[in-house]
Amino acid sequence: MVRTPVTITTAVPKGFSFPATVNSHGWYDLPPFRSAEPYSELHALIPLPTRRTVDVRLTAGTVRLRIDIKQSGPLKKEEQDAIRSTVRSMLRLDEPLEEFYALCRREPHLRWVPKRGAGRILRAPTVFEDVVKMLFTTNCSWSLTRIQTTHLTRKLGTETAPGLFTFPHPSAIARMSDAWLRREISCGYRAPYLLALCRSIDSGRIDLEPLRSSEAPTEELYRTLRSIKGIGHYAAGNILKLLGRYDHLGIDSWVRSRFAEIHRNGRTVPDAAIERHYDRYGRWRGLVCLMEVTADWHA
DNA sequence: GCGTCCAGGTCTACC
DNA sequence: GGTAGACCTGGACGC
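Note that the first sequence covers residues 9 to 307 in the numbering used here.
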């Protein structure tokens, strides 16, 4: 047994960039993640197999990542291992990107990607959390995505410290009504989609968590995601990226707009033309597209 | 402060 | 297979 506070570390791959990973997309801005300064630290709540949740603060060194664990009870060795494993999964530390980086080095406009250690996309501790948050990004502004996620955690999550709430378990959401979710979470017409997903998980009809380690073909995973009501072409494409599959672009209005600025002097083009543009990057096309449209975030 | 309009993906009905 | 319309909310804007 180890008494808190506890600091553990874990090795990072050569060239890894903590800020480029945390800033890879907007997840760091959605609870339970917190980050006053996303370039240097990230706070997260990590659920453990023992059904406990720990509050961690992540900061990066050049060869190791520092994990400060804030919680009150004793911490077993296997719980520390679980924390380390979840953090590695969230920051994609074990994802092999050598082939992608080699591709980037052959493209002058992508040479910055391996130089700045970009290409690892932050994900939540669970696939369920990633899917619900992606559902909350559909057909709304980022401010509404933040409102929905904040309400969901505050009203159905568990308070682990004053003002600090876990992402709720599917069963906690499954117990609520459609009308309650619309009223309290502000998720509008997405409420029945969220409810159906949570009840499917709660009843055992669907299990999202194995998708991260699945060896099934990408198109099979895509079909699985599209079978979830409310997850369309855009959301499925972006969830696939969080599963380490980059065959789909996940085009939304922002990608259309950025693509037009970067490649067409501001003139918008049909999605099919955007798809064709990235075809030559093969199974990395979705990641190349993401790097291009977010390049200025990493400048 | 109030009303109106718009933007944002997905689903369903219809052709 | 392609398309129109409905879904719901926050924010911008005009009054």
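In case anyone wonders, no lab produced these hints; they're calculated from the structure. Where hints are given, some of them may not hold.
Here are the computed lysine-lysine pairs in the DSSO-like style, where the Cα-Cα straight-line distance is at most 27 Å [unchecked claim]:
1. K123 with K22
2. K237 with K163
3. K163 with K78
Each pair of labels, with its calculated beta carbon distance range [what the hints assert, rightly or not]:
4. R65 with R231: 20 to 30 Å
5. G23 with D76: 16 to 26 Å
6. R272 with A19: 35 to 45 Å
Note that the structure is a prediction, hence the values are computed from the model and not measured. For every residue, glycine included, the Cβ atom is placed at its ideal position computed from N, Cα and C.
Now the hints, each set against the structure:
no.: 1; hint: K123 with K22; in the structure: holds (11 Å)
no.: 2; hint: K237 with K163; in the structure: holds (23 Å)
no.: 3; hint: K163 with K78; in the structure: holds (23 Å)
no.: 4; hint: R65 with R231: 20 to 30 Å; in the structure: violated (39 Å)
no.: 5; hint: G23 with D76: 16 to 26 Å; in the structure: holds (24 Å)
no.: 6; hint: R272 with A19: 35 to 45 Å; in the structure: holds (42 Å)
Violated hints amount to a single one, hint 4; each of the other numbered hints is respected by the structure.
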